[in-house]
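Colleague: Chains as they are written, first to last, in the numbering used here: chain A, 224 to 846; chain B, 7 to 129; chain C, 60 to 353.
Incorrect hints may appear among the rest.
Stated by the list, open to error - Here are the computed lysine to aspartate or glutamate pairs in the DMTMM-like style, where the Cα-Cα straight-line distance is at most 20 Å:
#1 B:K52 <-> C:D256
#2 A:K792 <-> A:E813
#3 B:K52 <-> C:D273
#4 A:K784 <-> A:D834
#5 B:K52 <-> C:E257
#6 A:K838 <-> A:E799
#7 B:K52 <-> C:E250
#8 B:K52 <-> C:E236
#9 B:K52 <-> C:D219
#10 B:K88 <-> B:E72
#11 B:K36 <-> C:E186
#12 B:K52 <-> C:E213
#13 B:K52 <-> C:E186
#14 C:K190 <-> A:D300
#15 C:K190 <-> A:E303
#16 A:K235 <-> C:D219
#17 B:K52 <-> C:E153
#18 A:K235 <-> C:E233
#19 B:K52 <-> C:E233
#20 B:K52 <-> C:D212
#21 C:K190 <-> C:E153
It is worth saying that the hints were derived from the structure and are not from the lab.
Owing to the predicted nature of the structure, the values given are computational and were not obtained by experimental measurement.
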Amino acid sequence: MSIPLIRLELRKNRLAAASAAAAFLVTLPVCRLVSAATGLELKLSLDAALTAWVLLGVPLAAALVGAAAGASAASRDANECEALLPPSPGRRAFSSLAASVLLAAAFAAFVLATGAALGMPPSRFLSPGQKAWGASFWYGLELSPLLAIAALDVLAGAWTLSRLLGHGVAGGLLALAASALTGAAVAVCFGLQIEHHAWGASCLKTAFVLAAAGALAKVGAGVVAARGAERRTGAHGLAAVLALLLLPAAAIWGRAWTELRMLDARATPLEAEAVYRYQSFDGRYPRGSRALAAAGEGALLRTVRGGVLVADAAGVRALVPEQNSGLSELLLEPFKVWVHGSWRDEKGVLWIERYVSPNTELWRAEGPKAESRRMTDGGSISMIGGVPLKHRYPDAKRLLLAPVDEYFVRGDGAAWFEGYKTFLTRRRREAPAGLVACGGTCLEAGGRRWKLPGAALDPDPVYPDEAGGRRAYLVPVRTAKGEQVALCRADGTTAIAWPLHGSTYQGLPDGTLFSFGPGSTLWAVGPGGEVGEPLSYARLSLELAKPRSSRPAVMRRAEGKAWLVWGGKLTVLDAEGRTVLSRPLPDGIEETVPLKDGFVFTTRRSAWFSDWTGKLRRVENPR
Amino acid sequence: MIRIDPLSPTPLNEQIKSGLRGLIARGALKPGEPAPTIRPLAEALKVNPNTVARAIRELVLEGVLETKRGEGTVVAAGAPRKASDGLAGVRDGLREALSQARRGGLDWDDITMLVRRAEREDL
Amino acid sequence: MNALSFHDVTRTLGGRRVLDGASGAAEQGTVIGLLGRNGEGQTTWFKVLRDLLAADSGTVEVLGLRPDGSGRIRQATGYIPERPTFHSFMSVAEVLALRASLFHKWDSSRAAALCERLGLDPATRLEGASKGTLGKLAWVCAAAHDPALFLLDEPTSGLDALVREEVLSGLVNELGEAGKTVLVTSHRMDELAGLLDEVWVMAGGRIVAVHALDGLRADACVIGGRLRSADAPPAVPGAIPLGGEGLVRSWAVLDRATRERLLGCGALESPSVEPLPLDRAFSHLLCLKGGELR
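Build out the structure end to end from the sequences listed, making use of the hints.
Modeller: Written out as structure tokens, the structure is:
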């Protein structure tokens with residue numbers, strides 16, 4: 224590559240990039256027209272258009288500039304005139320490729336900058352985990368490397384094929400088709416949550432395409448200069464490149480197809496649900512599922528360079544696994560290491576499940592002995608009923624489970640047992656699961672029996688929460704006042720905690736359990752099991768005028784007051800719902816985790832700690 | 007000023023030399039005047055500058071041109087005589103040869119052929 | 060020192076041996092005219108010399124450099140292609156600026172002077188430019204980095220008389236500087252006759268003949284005469300039969316040795332020797348193929 228050549232190539236291909244930019248700019252007034260005609264909110268239509276431009280337009284523009292550059296690199300005129308220059312054909316080809324990458328990047332930057340100017344920052348499109356789309360499924364997903372890979376892939380493909388065919392339209396369309404085939408396979412893999420299989424293969428494909436482009440560049444003018452004589456070489460090259468383009472896609476499709484055939488097994492309601500519940504983080508639990516989920520929450524994890532940042536009731540700290548070292552690890556880390564989930568099991572051990580290409584690692588981050596184990600057999604781990612369970616599908620019909628502790632000790636010789644029902648039966652025999660008895664009117668656990676203030680709504684086992692350091696069970700019941708949640712205290716007494724509204728409740732580090740009730744109310748059970756009056760945040764809701772999330776994040780509920788993070792502010796409400804303290808917080812809050820003496824939240828780039836008066840300090844990333 | 011025929015069998019430097027001699031004999035170049043410089047002459051004639059340089063070098067040796075310090079190559083003082091001597095001698099010789107040929111009944115084609123053959127053998 | 064030397068160079072393209080053991084050497088400072096009919100391998104050979112195509116076998120050395128795909132040879136040579144092509148979206152000045160950024164020894168003032176000389180306006184746009192403009196620009200591009208070796212493929216073809224004149228003058232001007240080696244092909248070799256030191260003949264992918272121009276001028280001739288015996292025409296290699304009727308035959312002869320052999324073989328009665336003008340000598344050379352007569 225050389226700068227003058229790249230400048231020359233930029234100039235030759237600027238028309239393609241400019242037309243893409245023009246097409247993009249034209250859509251903006253069209254959005255206005257559409258929203259005027261249909262009454263759709265302008266922001267919404269702009270959002271949709273920009274999302275489409277970022278996710279589809281950028282790869283398309285990459286195909287366009289790649290194809291244009293490839294075709295012009297193959298054109299007779301350019302070759303005859305540039306062959307006189309000192310740079311080798313290889314350098315000319317690489318310059319052409321580099322220039323088209325620059326143009327595509329410029330186009331992407333232009334689209335993102337326009338979005339930012341319209342009040343939609345790039346993270347809105349590239350980090351859907353920010354709840355821009357409200358889909359928890361995408362939690363923590365960072366689209367920018369995906370998009371970069373996709374754009375690079377289609378660009379290199381378009382360049383190579385156009386160069387080989389000497390025809391931009393044909394080359395561009397072929398490359399788009401090949402990339403779409405891969406892309407669809409990757410999307411299916413994401414849908415099946417086996418994206419790690421797709422990831423490697425699609426990266427491999429991009430590597431293949433780049434290698435093909437490089438080889439073609441190295442072969443140099445030969446193919447083009449003596450086109451008649453070397454036609455056969457060209458045909459062989461084309462066949463080879465197409466094979467390189469299609470093989471990885473075929474591999475991904477094969478993998479996806481295997482997984483698809485197992486779908487009916489995975490969809491067996493009970494088992495699928497059990498697995499699914501523990502992969503979701505937000506409030507979309509089915510009724511009654513909270514009890515199962517309880518032990519799994521309370522840790523906030525972020526992958527940072529070299530390790531994991533953990534914030535939970537014990538504080539904020541960096542956990543850096545030992546095996547992270549070396550340049551390749553450092554460079555590839557954003558692409559090949561990410562955290563799937565974390566759980567604190569009933570013994571208080573924090574588990575982190577990471578994917579470190581190509582294996583899944585279960586990492587016992589704290590506790591008696593931090594260690595990790597690679598799982599190479601393709602199984603995965605979920606937290607089920609407060610216990611991390613390794614599970615796998617040996618065939619389309621069966622689900623095998625094994626306690627992770629056993630798996631650790633014995634490896635694949637672990638005591639696998641079959642099916643979720645077996646697991647439940649085993650758990651029933653053990654404390655502390657609570658079982659509904661007496662035809663649904665009482666709860667039994669650990670040899671103790673509570674008379675419920677109504678009929679239990681679900682026959683499922685109920686797992687306890689620690690309220691005030693002692694076990695307490697929360698059971699949805701039907702009473703004369705409607706559906707409510709009963710609290711079974713450790714001392715054998717029962718009370719109505721709150722009306723059943725939605726499905727979830729959450730715990731705070733001091734042992735307080737709380738739930739949202741109808742009419743913007745916040746209900747809580749104190750650490751000692753005392754049931755309090757609801758607190759209304761309706762007034763705050765009006766003050767904040769349409770905060771992004773419909774409910775506040777509760778950080779603390781004590782002394783008759785509530786500490787809430789909502790609409791980018793920390794607000795303290797008194798018992799009457801009046802604001803007694805309001806502090807603005809940094810923009811772009813992603814996650815919040817309450818701790819004993821304050822709370823931790825993350826923004827896109829950093830983590831912060833705030834105490835109860837709103838005093839902030841930044842939490843340094845490790846390394 | 008000078009005309010040469012690059013396709014003719016006569017060596018180019020000879021053609022250039024006779025051309026320059028002719029210029030001097032006709033008085034187009036007078037003694038003491040600078041001789042044509044190599045590059046412009048080469049460009050005008052479309053010949054290799056080396057050939058022109060060789061012709062001029064030979065004319066200096068023959069005393070038609072001379073190199074003067076500070077002035078470059080100029081036409082030598084006795085040049086017109088030397089140049090026309092050569093020409094006059096050739097003219098007389100040819101005149102005699104022609105009359106002899108006419109007496110022998112040779113036509114013009116025969117004569118040109120003879121001239122060429124003579125040139126061949128001369129080289 | 061040799062500006063150019065190559066030995067036993069072969070190159071196969073599309074199954075055809077386009078270069079078939081070409082060998083030769085050009086001393087620095089010589090002007091060589093390359094004669095050859097279309098399709099005899101000159102184009103491929105020029106590509107090999109400019110390091111755009113690797114030879115299958117054989118050695119090539121250009122200005123002391125071996126072709127290695129790096130473009131060092133193109134840095135040091137000036138080239139005019141048969142059909143000068145430039146980026147049509149550029150102006151003359153932009154073409155020159157691009158080359159200035161790519162050639163280490165590019166001399167902008169020299170380029171400007173050449174433009175001035177040839178009457179080439181740097182502001183001229185190349186979209187739809189005349190052949191004359193392109194030819195002039197090609198010459199400026201070939202000469203402005205002061206190359207020690209010129210490879211000129213039909214430098215004057217398609218140019219009107221005035222531009223041709225200018226380009227030739229430019230070439231003469233270059234030759235005024237010591238040590239410039241030129242390799243030139245032309246279908247109008249006669250107009251270059253005043254410049255050439257040697258002519259090479261390429262046929263069948265090989266250099267089949269090399270003649271010093273002085274020698275050709277002096278020795279090329281047509282030998283005619285009457286055969287002493289009708290059934291014993293002399294078979295002298297290198298003598299090109301021109302035909303004739305009955306016992307009266309003639310041959311074109313391009314070098315002294317052949318001439319003497321033909322005259323000395325005693326097969327001819329009263330042989331005549333007539334000088335052969337260069338243009339006709341060139342045409343005869345073009346008919347050589349593979350070292351044999353055709």
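Colleague: Take the hints in turn and mark each one as holding or not.
Modeller: The hints, checked one at a time:
1. B:K52 <-> C:D256: holds, 13 Å
2. A:K792 <-> A:E813: holds, 13 Å
3. B:K52 <-> C:D273: holds, 16 Å
4. A:K784 <-> A:D834: This hinted pair holds, its Cα atoms lying about 15 Å apart.
5. B:K52 <-> C:E257: holds, 16 Å
6. A:K838 <-> A:E799: Violated - the C-alpha atoms of E799 (chain A) and K838 (chain A) are around 24 Å apart, more than 20 Å.
7. B:K52 <-> C:E250: Holds, at about 8 Å.
8. B:K52 <-> C:E236: holds, 15 Å
9. B:K52 <-> C:D219: holds, 16 Å
10. B:K88 <-> B:E72: holds, 13 Å
11. B:K36 <-> C:E186: violated, 52 Å
12. B:K52 <-> C:E213: holds, 16 Å
13. B:K52 <-> C:E186: Cα-Cα ~32 Å, so violated.
14. C:K190 <-> A:D300: Judged against 20 Å, a Cα distance of about 15 Å means the pair holds.
15. C:K190 <-> A:E303: Distance ~16 Å between K190 (chain C) and E303 (chain A) Cα, so the pair holds.
16. A:K235 <-> C:D219: violated, 31 Å
17. B:K52 <-> C:E153: violated, 31 Å
18. A:K235 <-> C:E233: violated, 34 Å
19. B:K52 <-> C:E233: Holds, at about 12 Å.
20. B:K52 <-> C:D212: Distance ~18 Å between K52 (chain B) and D212 (chain C) Cα, so the pair holds.
21. C:K190 <-> C:E153: Distance of about 18 Å is within 20 Å: holds.
The structure does not agree with the numbered hints 6, 11, 13, 16, 17 and 18 stated previously, though it agrees with the rest.
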